[in-house]
Amino acid sequence: MADAVIDVRGLVTTLGGNSIHRDLDLSVARGEVVALIGGSGSGKSVLLREIIGLLKPQAGRIELFGQSVLDCTPEQMNQLRQRFGVLFQDGALFSSMNVEDNVATPLFEHTDLPHATCRQLARLKLALAGLPPDAAKKRPSELSGGMRKRVALARALALDPELLFLDEPTSGLDPTSARAFDALIRLLADSLGLTVFLVTHDLDTLFSIIDRVIVLSDGRVLGSGTVAELKTIDDPWLRDYFAARVSKGEPNHGN
Amino acid sequence: MTEASARFDEAQGALIVSGVWHADAASALPKLAGKSVRILDGAGVTRLDTNGAWLLLAAARPQAGDPMPELRGFQPQHLAMFKLVAPHNAATAAEPEPRSEGVLALTGRGSIAVWGHVVGLLDFVGRLSIELMALLPRPGRWRWREFGAQVRAVFVGAIPIVIGMLFLLGVVFAYLLGSQAQQYGANIFVVDGLLLAILREISPVIVAVLVAGRSGAAITAQLGTMKVTEEIDAIATLGLSPLAVLAIPRILALLLALPLLVFIGDIAGMAGGMLVTQQQLDISYYMFMDRVADVLDLKTLLVGLGKAPVFAIFIALIACRMGLTVSRDARSVGAHTTSTVVQSLVAIIILNAIFAIMFVKMGI
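Residue numbers (numbering that gives the first Met the number 0), protein chains in the order written: chain A, 0 to 254; chain L, 0 to 363.
Because the hints were derived from the structure by calculation, they are not lab data. A hint or two may mislead.
Have a look at the derived ranges for each label pair, beta carbon to beta carbon [what the hints assert, rightly or not]:
(1) A:ASP210 <-> L:THR224: 39 to 49 Å
(2) L:VAL341 <-> A:ASP70: 30 to 40 Å
(3) A:PRO132 <-> L:LEU78: 18 to 28 Å
Ideal Cβ positions, reconstructed from N, Cα and C, are used throughout, including at glycine.
Given the sequences, and given the hints that come with them, work out the whole structure.
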């Protein structure tokens with residue numbers, strides 16, 4: 000695919016003797032908002048860590064923006080890292096800095112801008128992530144879980160990346176905050192033209208903001224498509240997964 | 000990709016920009032001091048992100064209240080960036096650099112912090128006493144297993160380093176004393192000096208400093224991390240007292256371990272001195288032991304060993320209190336661990352001075 004932002008081919012991963020991925024292929028086109036789902040232990044987080052270059056698979060090819068992640072030099076990898084942002088599951092904010100400096104850190108490191116300007120840009124990102132101005136001077140430990148996620152999102156967006164990775168963006172948030180965070184991600188994806196690749200367990204996220212869902216099962220991609228298309232796949236895990244939402248009494252099963 | 004470029008058209012008051020505008024494009028902006036930008040012309044812009052849009056807007060209206068410039072020639076997706084950024088003008092306004100504090104302010108803050116530690120320690124002792132009173136009539140609720148594990152960590156693990164340090168200090172001290180005593184032919188009195196110095200001062204203080212750095216820091220770091228991961232809250236929720244489960248076994252373990260370590264240090268220090276006096280001053284091991292038997296006062300040994308439990312209680316109280324008062328972030332664990340070691344060392348030195356004066360007044 001010519002305009003694939005993420006392209007994974009023939010990925011094989013074995014961790015501690017367990018086979019995680021067997022000949023896994025997937026690709027994500029520019030501008031898509033894609034969710035990766037799968038049961039616990041299906042290797043979603045491992046896949047995410049491999050794509051962003053934190054883990055090395057045993058075999059296969061991973062390309063970001065047409066450049067191979069596995070055999071690029073450290074300098075090339077650093078260039079590549081400036082083109083994507085990552086939101087870790089628990090935010091992974093630096094506890095020794097205030098919120099503003101957390102968001103400004105990528106700008107301090109990767110641009111020649113004066114520090115005062117970096118902080119102003121950081122406050123712009125915090126405002127885009129929907130945080131009130133008085134949050135900028137607080138420490139991460141003084142914030143609620145939902146606000147920490149928003150700060151982490153602002154930091155991921157600091158360098159205006161083209162691609163955003165989100166690891167379980169709504170986990171640990173109450174339903175209201177989770178939906179608001181979903182809406183924010185979709186809004187930013189549309190207005191900034193972002194490609195978003197997220198790992199999630201949250202069915203409501205899937206039904207609300209996702210263009211395409213990729214299902215990981217048994218070390219391979221079981222299927223990919225809209226939620227409606229996935230419901231036609233005959234797989235026990237997938238059936239239970241969608242059934243969970245039906246049993247919650249949500250209106251989304253064709254009353 | 001084309002580089003970002005910008006020029007200012009004086010006649011129109013227009014800033015004409017082209018190329019790729021992101022965070023690093025700021026250096027392409029011309030000096031605009033005192034000029035008012037009425038128009039932003041972006042017909043040549045190929046890419047624009049929010050950082051670039053903000054930089055252009057900030058250049059066009061340096062004060063928050065300045066009017067929005069007319070945007071001309073931008074492509075629709077670039078106009079969208081401006082629409083996203085423009086409302087947050089006030090939130091991102093430049094702010095004055097925070098003023099750094101003078102010596103006086105820092106001294107004041109430091110004094111308040113020291114006072115806070117004193118009050119905090121007293122409060123901690125109070126709560127611990129209540130806990131102890133509740134535990135005393137019920138020996139079944141003592142945490143013997145935890146106590147055993149702590150003794151192992153604090154005592155057994157420290158033996159090699161205590162022996163090594165005190166042996167070498169004995170060597171150095173005997174050598175210095177010997178080189179002086181030799182001039183007066185007072186070789187045998189080196190043994191008297193060694194006994195007094197090692198047993199009374201060097202061994203208790205050095206071992207206490209070592210334990211403060213080794214075990215005090217470990218206790219604070221461990222309890223602090225347990226606080227961060229909510230383990231302490233979990234203990235409290237199970238109806239157990241974190242003080243009884245965590246603090247008291249550690250305090251008792253240190254109370255037992257420090258005198259024992261000081262005694263081991265005494266022996267190691269004397270062994271080091273014995274080696275040097277034999278080599279340097281021709282005092283045989285037999286003569287050395289004979290002299291020790293002659294001059295060793297039980298009082299000297301007990302003074303040294305008696306200081307150890309006092310040091311131990313202070314180290315353990317400080318370490319446990321600092322560990323349990325960590326706030327929930329990694330920075331705080333580091334700060335509190337440092338503070339434990341500093342507070343313990345200060346406490347050891349002050350206590351030792353108090354002991355010295357006290358013993359002189361009492362004629363011991």
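Taking the hints in turn, this is what the structure says about them:
Hint check: A:ASP210 to L:THR224, Cβ distance near 42 Å, so the stated range 39 to 49 Å holds. The given range of 30 to 40 Å is broken by L:VAL341 and A:ASP70, whose C-beta atoms sit roughly 49 Å from each other. Between A:PRO132 and L:LEU78 the beta carbons are some 25 Å apart, a value that agrees with the proposed interval 18 to 28 Å.
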